[in-house]
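S.K.: Since chain A is already given, all that's left is putting chain B on it; use the hints.
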Amino acid sequence: MRSPKLLRHAWAVASKDLLVEFRSRTAILSAAVFVVLVLVVFNFGRDPTAVSNVDLAPSILWVTFTFAAILALNRAFQLELENQSLDGLLLAPIERSSIYLGKLIANLVFVALFFNVPVLPYLVPLMALIALATVGFVAVGTLFSAMTVRTRFAELLLPVLLLPFMIPPLSWAVLATGRLLAGRPLSEIVGWLNMLAVYDIVFVTLAIFLFPATVNE
Amino acid sequence: MLLAEGLRHRFGAVRALDDISFAVQPGQTLAVFGPNGAGKTTLLKVLAGLIQPQRGRAQVDGGRRSIGWIGHQPQLYAQLTVRENLRFWASLYDVPESEFALRKDDLLLRLGLQDHAHRRVSELSRGLVQRAAIARALIHDPRVLLLDEPFTGLDRMSAEELRELLSEEAAEGRAAVLVTHNVEEGAELATHIAFMRAGRFVQCAPRAGRGPAEVGEDYRNAIA
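Residue numbers (this note's numbering), protein chains in the order written: chain A, 1 to 217; chain B, 1 to 224.
Next comes chain A alone, as it looks inside the complex (with noise of 0.2 Å):
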């Protein structure tokens, strides 16, 4: 009885987020012109001769889309507390849970939406690697940016505490990528697509219990 509620309940929040983010593009915009500067900067910065294609796109996959999320993360909750929605939310019947679940879904409809762009034409085991790696870093992103958003420095709070626990996630991605872009057997990367899948499973579990403590005031 009390998950689908908990479901319902995320449901709406995430839905409404992504109504307000369609109707206002704010994330998305301020992400997509972060990527857009990034690819014309390794463009025009790289020497094709020295280092090739295959070699430094993982990087620049995996650089743009960490710091152009980080971007939209930050959007999560600061949307709530422009007009002080974040308590409105807090004093309605739901489980605090269902908040975290549904800001959770959003951001991972807004990471994908950008983040999918250069990665439709590759394989199918990317797209899996990219939503594994994507899972864990959002999780841990949007537990951040519930606990910074009442902070004076919020934008500057949320890299600060969330670059540290997107190193072993992000590592995991950039190698798997690389295999996986020099057309090297799957097997070579299940490993790494074993770690992901448990970084996220434990850090989703983490953040659904520790979330009603981080909006305590």
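It is worth saying that the hints were derived from the structure and are not from the lab.
The beta-carbon is built from N, C-alpha and C at its ideal position, and this holds for glycine as well.
Some hints could be false.
If you want the footprint, here are the derived chain B segments under chain A, 3+ residues with CB under 8 Å [as the list claims (entries may be wrong)]:
| id | segment |
| --- | --- |
| 1 | 40 to 54 |
| 2 | 188 to 202 |
| 3 | 209 to 215 |
Once the Cα atoms are required to be at most 20 Å apart in a straight line, the calculated DMTMM-like pairs of lysine to aspartate or glutamate come out as [what the hints assert, rightly or not]:
| id | chain 1 | residue 1 | chain 2 | residue 2 |
| --- | --- | --- | --- | --- |
| 4 | B | Lys104 | B | Asp141 |
| 5 | B | Lys104 | B | Glu5 |
| 6 | A | Lys5 | A | Glu82 |
| 7 | A | Lys5 | B | Glu97 |
| 8 | A | Lys5 | B | Glu99 |
| 9 | A | Lys5 | B | Glu168 |
| 10 | B | Lys104 | B | Glu168 |
| 11 | B | Lys104 | B | Asp94 |
| 12 | B | Lys104 | B | Asp115 |
M.R.: Frame of chain A, contents of chain B only:
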């Protein structure tokens, strides 16, 4: 009914609530007046369950589901229409679809918002936004209203309309706690009046027919 017993709460060295006790019955409105920093908003947040008091207890019959919160911030999403905002908040309170349709239409009519339901909140005037905020607070038919400086930013006419609406809600048997620093704006609504300073009630008594001017005089004497 709404009950507060021996509420105490500190933020570091600052005493926000110091032994606050009162009860508000259905149909009654307690107006709490005090200067900025007296602890009024903390009191409301404790009553709403947003802050756990360090001592004492606050109890609202029906729990969080029966509370409606109206503040000077509308708790509405500017990019959504009035109708979309109402639907979102109703879904969090599990208001059935059939009941939502009836309550929404009734509130929009009573608040004069029927022609603005399809407009985004960002396109509305301050007065209309506050009306939409009231509709949001009432969409789940709460039995208790917590009002945090609800008149802030309203012009004289909008403030008068809000007072009338809140009087109607009280007449329907809702209990309410109103906190404000402006005695003139809140006194007429109250059945009971409390003056608050540095986290303490320095006076808490029935209004007993006193008008805004008399309440204002009492307030100045008590707080001074």
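S.K.: A separate judgement is required for each hint: does it hold in the structure or not?
M.R.: Okay, the hints, checked on the actual structure:
{"no.": "1", "hint": "40 to 54", "result": "holds (count 6)"}
{"no.": "2", "hint": "188 to 202", "result": "violated (count 0)"}
{"no.": "3", "hint": "209 to 215", "result": "violated (count 0)"}
{"no.": "4", "hint": "B:Lys104 to B:Asp141", "result": "holds, 11 Å"}
{"no.": "5", "hint": "B:Lys104 to B:Glu5", "result": "violated, 36 Å"}
{"no.": "6", "hint": "A:Lys5 to A:Glu82", "result": "violated, 27 Å"}
{"no.": "7", "hint": "A:Lys5 to B:Glu97", "result": "holds, 15 Å"}
{"no.": "8", "hint": "A:Lys5 to B:Glu99", "result": "holds, 18 Å"}
{"no.": "9", "hint": "A:Lys5 to B:Glu168", "result": "violated, 33 Å"}
{"no.": "10", "hint": "B:Lys104 to B:Glu168", "result": "holds, 17 Å"}
{"no.": "11", "hint": "B:Lys104 to B:Asp94", "result": "holds, 14 Å"}
{"no.": "12", "hint": "B:Lys104 to B:Asp115", "result": "holds, 13 Å"}
Violated hints for the displayed structure, listed by number in ascending order: 2, 3, 5, 6 and 9.
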